[in-house]
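Chemist: Start from the sequences, fold in the hints, and give me the full structure.
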Amino acid sequence: MHLEMFLIAMVSLFFCQIILMTWKKYHFRSYQLVTLIAMVIVPIVYSLVSFFFRFVVVWFLFHLVTGSMVFLATRKRISTSTPRKVYWWFLFIHKITYILGVTGYFIVTLTIFGVNNMFYLSASTAMDIGLLLLFYGLYFGVISRDFAEVCSERMAAHIGQHILFNFTLYLFELIHIFTLFSTHRYKSPDAFPVFH
1 MHLEMFLIAM VSLFFCQIIL MTWKKYHFRS YQLVTLIAMV IVPIVYSLVS FFFRFVVVWF
61 LFHLVTGSMV FLATRKRIST STPRKVYWWF LFIHKITYIL GVTGYFIVTL TIFGVNNMFY
121 LSASTAMDIG LLLLFYGLYF GVISRDFAEV CSERMAAHIG QHILFNFTLY LFELIHIFTL
181 FSTHRYKSPD AFPVFH
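Per UniProt numbering, the very first residue in the sequence shown carries number 1; after that it's consecutive.
FYI, nobody ran anything at the bench for these hints, they're computed from the structure. Keep in mind it's a predicted model, so treat the numbers as computed, not measured. Misleading hints may appear alongside valid ones.
[What the hints assert, rightly or not] Computed beta-carbon distance windows for the label pairs:
{"id": "1", "residue 1": "ALA123", "residue 2": "GLN32", "range": "35 to 43 angstroms"}
{"id": "2", "residue 1": "THR74", "residue 2": "PHE113", "range": "46 to 54 angstroms"}
{"id": "3", "residue 1": "VAL58", "residue 2": "LYS24", "range": "22 to 30 angstroms"}
{"id": "4", "residue 1": "ARG154", "residue 2": "SER12", "range": "34 to 42 angstroms"}
{"id": "5", "residue 1": "PHE113", "residue 2": "THR22", "range": "40 to 48 angstroms"}
For each residue, glycine too, the CB sits at the ideal point set by N, CA and C.
Modeler: Rendered as structure tokens:
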């Protein structure tokens, strides 16, 4: 009975992994969107059901600021300071989550070797602290990386369109000046209207 359940679990995990990799390979955008939405919704629902209010507060504050950065990055016309703000925020989150993850990893490792006894901490308390820091670092690090990727793609697309639009206006301006120069004698710089 238990062997059959184990085999069913292993086979289903194997086939689910193949399906996920195929989905990621052929439909990357939908895969990225669905996994990002799942990573945002599933932990908060589980935390609300289980009354993990510390995670709910941290999740809310993180998504409040990250949501404002996503809003700034996905607007039609972005400000010149927006890329700097978005980059600074996600770099800051990267550094914080990196420190949290490494600290949690070291606490877990030191607890396994019994160093927690030097600080009069029980093994369960030290392990809880280490795992909490480790998983906060992993969760918020991965989700911020996905949000940073979405923001950078959108900003690059908008900045590229803006540069192309300005380049097109510049070409029209050059063509207009050339046609005026070829049909009239050059009198003064004020004789040529310029688009701005």
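Chemist: All hints, please: hold or fail.
Modeler: Taking the hints in turn, this is what the structure says about them:
no.: 1; hint: ALA123 / GLN32: 35 to 43 angstroms; verdict: 40 angstroms, holds
no.: 2; hint: THR74 / PHE113: 46 to 54 angstroms; verdict: 47 angstroms, holds
no.: 3; hint: VAL58 / LYS24: 22 to 30 angstroms; verdict: 29 angstroms, holds
no.: 4; hint: ARG154 / SER12: 34 to 42 angstroms; verdict: 36 angstroms, holds
no.: 5; hint: PHE113 / THR22: 40 to 48 angstroms; verdict: 42 angstroms, holds
Checked against the numbered hints given earlier, this structure breaks none of them.
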